[in-house]
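K.L.:
Generate coordinates for the entire structure from the input sequences, incorporating the hints supplied.
Protein chains: 2
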Amino acid sequence: MTAAIKRNVAPEILRTFAADLLTAGGFTAEQARQTSGLLVWANLRGAESHGVLRIPRYIEMVKLGIINSDAKPAFKTEMGAIAVLDADRAPGAVGMLLAAEKAIKLAGSHGIGWCSARNITHAGAIGYFAQKVAEAGMIGMVMTASKPLMIYFGSSAEGVSTNPLAIAAPTADPDRPIVFDMSTSAAALGKIMAARDAGVAIPEGWGVDASGAGTTDPKAVKSMLPMAGPKGAGLSLMIEIMSSVLIANPIISASLNGTDGAAFNGLVLAVDPVAFGDKAAFRQAVEELAQAIKGLPAAAEHEPVLLPGERGFAEAAKRTQEGIPIASGTLANLVAVATKYSVPIPPSLR
Amino acid sequence: MTAAIKRNVAPEILRTFAADLLTAGGFTAEQARQTSGLLVWANLRGAESHGVLRIPRYIEMVKLGIINSDAKPAFKTEMGAIAVLDADRAPGAVGMLLAAEKAIKLAGSHGIGWCSARNITHAGAIGYFAQKVAEAGMIGMVMTASKPLMIYFGSSAEGVSTNPLAIAAPTADPDRPIVFDMSTSAAALGKIMAARDAGVAIPEGWGVDASGAGTTDPKAVKSMLPMAGPKGAGLSLMIEIMSSVLIANPIISASLNGTDGAAFNGLVLAVDPVAFGDKAAFRQAVEELAQAIKGLPAAAEHEPVLLPGERGFAEAAKRTQEGIPIASGTLANLVAVATKYSVPIPPSLR
Numbered sequence: 515m516t517a518a519i520k521r522n523v524a525p526e527i528l529r530t531f532a533a534d535l536l537t538a539g540g541f542t543a544e545q546a547r548q549t550s551g552l553l554v555w556a557n558l559r560g561a562e563s564h565g566v567l568r569i570p571r572y573i574e575m576v577k578l579g580i581i582n583s584d585a586k587p588a589f590k591t592e593m594g595a596i597a598v599l600d601a602d603r604a605p606g607a608v609g610m611l612l613a614a615e616k617a618i619k620l621a622g623s624h625g626i627g628w629c630s631a632r633n634i635t636h637a638g639a640i641g642y643f644a645q646k647v648a649e650a651g652m653i654g655m656v657m658t659a660s661k662p663l664m665i666y667f668g669s670s671a672e673g674v675s676t677n678p679l680a681i682a683a684p685t686a687d688p689d690r691p692i693v694f695d696m697s698t699s700a701a702a703l704g705k706i707m708a709a710r711d712a713g714v715a716i717p718e719g720w721g722v723d724a725s726g727a728g729t730t731d732p733k734a735v736k737s738m739l740p741m742a743g744p745k746g747a748g749l750s751l752m753i754e755i756m757s758s759v760l761i762a763n764p765i766i767s768a769s770l771n772g773t774d775g776a777a778f779n780g781l782v783l784a785v786d787p788v789a790f791g792d793k794a795a796f797r798q799a800v801e802e803l804a805q806a807i808k809g810l811p812a813a814a815e816h817e818p819v820l821l822p823g824e825r826g827f828a829e830a831a832k833r834t835q836e837g838i839p840i841a842s843g844t845l846a847n848l849v850a851v852a853t854k855y856s857v858p859i860p861p862s863l864r
Numbered sequence: 515m516t517a518a519i520k521r522n523v524a525p526e527i528l529r530t531f532a533a534d535l536l537t538a539g540g541f542t543a544e545q546a547r548q549t550s551g552l553l554v555w556a557n558l559r560g561a562e563s564h565g566v567l568r569i570p571r572y573i574e575m576v577k578l579g580i581i582n583s584d585a586k587p588a589f590k591t592e593m594g595a596i597a598v599l600d601a602d603r604a605p606g607a608v609g610m611l612l613a614a615e616k617a618i619k620l621a622g623s624h625g626i627g628w629c630s631a632r633n634i635t636h637a638g639a640i641g642y643f644a645q646k647v648a649e650a651g652m653i654g655m656v657m658t659a660s661k662p663l664m665i666y667f668g669s670s671a672e673g674v675s676t677n678p679l680a681i682a683a684p685t686a687d688p689d690r691p692i693v694f695d696m697s698t699s700a701a702a703l704g705k706i707m708a709a710r711d712a713g714v715a716i717p718e719g720w721g722v723d724a725s726g727a728g729t730t731d732p733k734a735v736k737s738m739l740p741m742a743g744p745k746g747a748g749l750s751l752m753i754e755i756m757s758s759v760l761i762a763n764p765i766i767s768a769s770l771n772g773t774d775g776a777a778f779n780g781l782v783l784a785v786d787p788v789a790f791g792d793k794a795a796f797r798q799a800v801e802e803l804a805q806a807i808k809g810l811p812a813a814a815e816h817e818p819v820l821l822p823g824e825r826g827f828a829e830a831a832k833r834t835q836e837g838i839p840i841a842s843g844t845l846a847n848l849v850a851v852a853t854k855y856s857v858p859i860p861p862s863l864r
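In order, the protein sequence lines correspond to chains A and B.
Under the numbering used here, residues 515 to 864 are what the first sequence spells out, in order.
Under the numbering used here, residues 515 to 864 are what the second sequence spells out, in order.
Be careful, since some hints might not be right.
Identical copies go unnamed one by one, so any copy, or any two together, can satisfy a pair.
Straight-line C-alpha distance at most 20 angstroms; calculated DMTMM-like pairs for lysine to aspartate or glutamate [to be verified]:
#	residue 1	residue 2
1	K661	D602
2	K854	E574
3	K661	E801
4	K661	E544
5	K661	E802
If you're looking for bench data, these hints aren't it; they were derived computationally from the structure.
Being a predicted model, the structure only gives us computed values, none of them experimental.
P.N.:
This is how it looks when you write it as structure tokens:
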């Protein structure tokens, strides 16, 4: 194979290859299937930074015992409309999918359902889990919490994570929910890495250098800055309280105090429109809102007004037709894993 | 009285005066009591724009029939952990306090409780309602939705409101919960109005002029811009879906399509730590997180690292001691209302 050429690969082939690599690297078949589903969803939508490029590190994490391939996720607490899952450090997709299923089930019985998931591992693009809830006809809200890696507003130090928040709702088109997915940082780490690779400057407000001063040099970025200053920092802190502190599994305070704590926690809230009225009428009303927004005058010619997640769906439609482009560096890393574990490389990636 | 001099007034006196004015203007005694509690809470915390300066307009809204002083708020839907209140256009504080009480009650039985409130009126500083939930020992999440007044990202037109989100959690100190409260706009309208009054420029990114171009002239601002571009616009849209579309009371689509819709909806989500474990341990764990954040190195000398809502509590402590300063313009407006309705003016405001 030629590592310097970007290859296009059909989603199904990439999904199978990804699952084969993960299985060879220690995941169970089911863990690999769920994880490759999440990763290729991100690749399809143009979010390469949350896609199959993660595979070598995920396999390394199994070897290091950070991801537990023998995980036995179990519900530890169930009361009314809430549940707490201990994911036992299963791959992130496994724990968060279990939490989403549980929240959907609880919402079916109680109108809303909240499932906390403790001891998950890296959850990737959490819009995926919110979309699963929307595909069940409900509103889904998903958050995850992790270790300090973002400047806390008013401090010169990393005090919070870039904790993301995703909210999804079904529309009249079952294949096109609205999927809002944001991190609480000013910019995604992937954008800073992309600027580094491209050798271009980043806007002010994205990151600080080792001295704590703001920088536009992506190579100098030591810490991320929060979205909208106190808003991003504060929201991230509240996500830590809801995801981690509520279930007595703190990440931030443990980390700042130098003691061992959890690495990742998450939660899924599902809201069932059926409890509030008519399911079809709700979908139709979301659709009317979507169309009203789409009908707003565009700020720039030839740039349509987009709903949250719409760019991702458009990209996924394109990539389903044309294949998913895999960057040469990513391909080389995947091929190295395949070679190491004697996993057959699909012809389109050879 | 001399309108040009700023007066300091004791909170209790201002609360009584505010309630007397509202009662004279058509509120029932109980509506006036709840509304003055909300307004003076904002004044205490330094959020003048959400304080007693609203009173003349609130009275006008009663006269115009926008606020219904005969409102009979009633729960229309109750199922499992959810409820829907029709606030019947009661004053905002009345509807949202009922929703908060209901969410707290539901959370006590089901672990979480969600109360939607339809047909509320202007809800003011929604951190107040989130704080009420935290004072009950729970995590509170509050959102409200209103008419388009902010540019939708990617459009040149107002497509969403500045829909706020507040989240509060109890700490070890019952009088000092963490109270996160943000709008989805880049800056509060009050800050733009303050810059206008002070004759100073505003930063780029806060607003656009009548032609749709960004402006730093506060007097030229025609429309607000969203926080962090697509993030603020998208989050505001999802708040409309959760607050309005879910209960078949859409604001944005109705407004953009030129039909009559609701003016304001809101919702309160309460999460009871007791369902997840031990209440005291939760408060203590939030306190540990708070202290860890407070212990971060400050970015600037003599500027302590602050928790969400902490500046407001500090200001409230100060103003409880020294009195609440009332700007001369606000005082003149309140005195005019008092004179019109023969409401006695407290000596400290004469």
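K.L.:
Can you list which hints this structure breaks, lowest number first?
P.N.:
Number 4 - this is the single hint that the structure violates.
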